[in-house]
Amino acid sequence: MRRAAVIVLAVLAAALPWLLQALGLDFYLSLANRIVVAAIAATSLNLVLGYGGLVSFGHAAFVGLGAYATGILVSEGVTSGWAHLGATLLVAGVAALLIGAISLRTRGVYFIMITLAFAQMLFYLANSIKGYGGDEGLNIRARSVLGAGAFALDLKNPVVCYEAALVVLALVLAALARFVPSRFGRAVLAIRDDDLRAEALGFPTYRLKLVLFVAAGMLGGVAGALGVNQQGYVSPNVLHWTQSGTFMVMVILGGVASVWGGVIGAVVLLLLQEVLGAWTEYWAFWTGWVLLAAVLFARRGLAGLFAAR
Amino acid sequence: MAALLEVRGLVKRFGALVATDEVDLDVQAGEVHALIGPNGAGKTTLVAQLGGQLASDRGTIVFDGAAITRWTAHRRAQRGLVRSFQVTRLFGSASAHANVALAVQAVSGSSLRAWRPVALERALQARAHAVLAEIGLGARADAPVDALSHGERRALEVGMALASRPRLVLLDEPMAGLGHEESTRMEALVASLRATSAVLLIEHDVDAVFRLADRVSVLVGGRVITTGAPDAVRRDPTVIAAYLGEADEL
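As given, the protein sequences belong to chains A and B, one line each in that order.
Here the numbering used here is used: the first residue of the first sequence is 1, the next is one more, and so on.
Here the numbering used here is used: the first residue of the second sequence is 1001, the next is one more, and so on.
You may find that some hints are simply not true.
[Claimed, not checked] Pairwise CB distance ranges (calculated):
| no. | chain 1 | residue 1 | chain 2 | residue 2 | range |
| --- | --- | --- | --- | --- | --- |
| 1 | B | A1141 | A | Y110 | 34 to 40 Å |
| 2 | B | A1123 | A | A152 | 45 to 51 Å |
| 3 | A | R207 | B | A1126 | 39 to 45 Å |
| 4 | B | D1146 | A | S30 | 44 to 50 Å |
Derived by calculation from the structure, the hints in this document are not laboratory data.
Cβ coordinates follow ideal geometry from the N, Cα and C atoms, glycine included.
Let the sequences and hints guide you as you build the complete structure.
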C-alpha cells in the first residue's frame, strides 16, 4: 500500500514537466525545481538535526559552498557536471569535516552557536570575494553538462535540470530509508537518545557523529550545486543564517527524524510562500502561524500525522 | 599472575575536594570484587574514572595488560571493560531487545555500515535474545523500555553491560531501589557472572556484598582503607569505625 503510494508519487513527480506543459502551466516548473532542491537540502539537514539530534544552525553554509563550487567552475569555463559534482562534494565535505570536528566537541546551545558562527564567517567570506561577484552574487551563463556528444544532458534545459534534481532526491530518500534500520542508523539514534550511554557501550560517538555531519554537509552541497543550475545565479544570501533557519523550519514542519520529513516540509513551506505571497506581502507572518500550529498540534511534524493513521 | 585491572595512585580533584585520593586497586580475572563505602566516599567518581567518563588527574589504570588511563570510554568498552550506571540509562525510543542489540553491536564490528538492516544480522540478534533470557527478560523482548518495571529496567541496565561479554564489568549499585524478590534475582545474576567475567561491584546492600564478593575494598574519603576477604573486612576495626558501625545502626 505504502510502496504503491510512493511509486505513484514518483511517477507523477517524474511526469510533472509534461503535465504542466499539457495544462499550460510551464511557469511552475521552476517552482517545482526549487522545491525538489530545497527538499534535498532539508533532508540532508534532517540527517543531523532529526536523526543525530544535533541542532546545526549553519547548514546553509554547505548548501552555499556547493553552489559556489559549481558556480565558480562554470564561470571559469568548466562545464563537466561530474567535475562540478566532485568539486562540490570535496569542498562541502572538507568544510563539514573541519566545522564538524570543532563543533562536535561542544553540546547544546554552544553547538548551535558555533555552527552558526562558522556559517556566518563563510557568508562574509562570500561577500568579500570580488572576483566572483562579491555581495552582488555571481551570474552564470552555462550550466552543468553530464556526459558528452549526442547523449549529453545539459542542465540548462529546465526539464533536464528538474529531472536530475528529482533523481538525486530519489537516491537520497532511498539511501535514508536504508540508513535508518542499519547499524549506522541505529547507532546514531542511540547517540541522540543518550550520548554518554552509547559511548560507554563502546560506540565511538564522536567519530560516528562526525561522519554523519560530513555526509549531511556533502548532501547539502549537492543541493546547492543543483540550485545554482536551476537559478543560474548564486549570491552570498544562500549562505545567510536565515537560509539555515528556513531549512530548520522545513524539517520541523515536515517531521524531525522522518524519511519524508524534509520533502513534506519543503513542499508545504515553499507552496505556502508562493500562495500566500501572491495574496499578501506579509506571507511570512501567516507562515509563522502554520509553523506554530505544526509545533503545537503535530509534534512529529506533518509526516507524523500520516504515520499515525 | 598480573591482575586483570591494576589501578595505581589514582587521583581526581574537583577544586579543593579530593574525590579520589591515591587509590590502589586490583581486580583479578574471574573474581567478584566489591567496593563499599559510606555516601560521599567517592565510589561513583572512581567508577567514572575507570569507565572513562571522567579523566584522572594522576595515576595509572592498566587493564588486560594495556595502559588505558587516557583511553576514551568506547575504546575501554571494546577492550572488554564495560560499566553499568547507578541511574538506569536506557534508549527510551527502543524495545528491550533493541537496547541489548545495540549493546552487542557496539563491540562487534563497524557501526558505519549504513545499508544492511541490522535486523538481518542473525548472530547479533541471537546474542541479544540470549542475553535477555539470561537476565530473565526473555518474554519482554518486544516491550518498549518505558513499559518495563523498575526491576526489569535495572536488569536490562546490567544486561546491556553484559551483552558484549566483557572481561570486567563495573556494576554501579545494581540493586538500588529493588524490592526483596528483585534483589534476590539480581544477586543470582551477579553471582552467575563469575563464570564469564570479573565484576567490580559497587553496592550499598552490605549483606548482599558479603554473600557475593570474593574480596571487598572499603573506600572512605576517596581512599581505599582496606582490601581483603569478606570475613576479614567485616572484622576490621578501622572499617567498623569508618563505615560498618554506622551501617549496623541503621
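Status of each hint after checking the structure:
A hinted range of 34 to 40 Å holds for the C-beta pair B:A1141 and A:Y110, which are about 39 Å apart. Between B:A1123 and A:A152 the CB atoms are about 49 Å apart, so this pair conforms to the stated range of 45 to 51 Å. A hinted range of 39 to 45 Å for the beta carbons of A:R207 and B:A1126 is inconsistent with their spacing of about 27 Å. Remark: the range hint 44 to 50 Å for B:D1146 to A:S30 is upheld by a beta-carbon distance near 47 Å.
Violated hint for the displayed structure: number 3, the only one.
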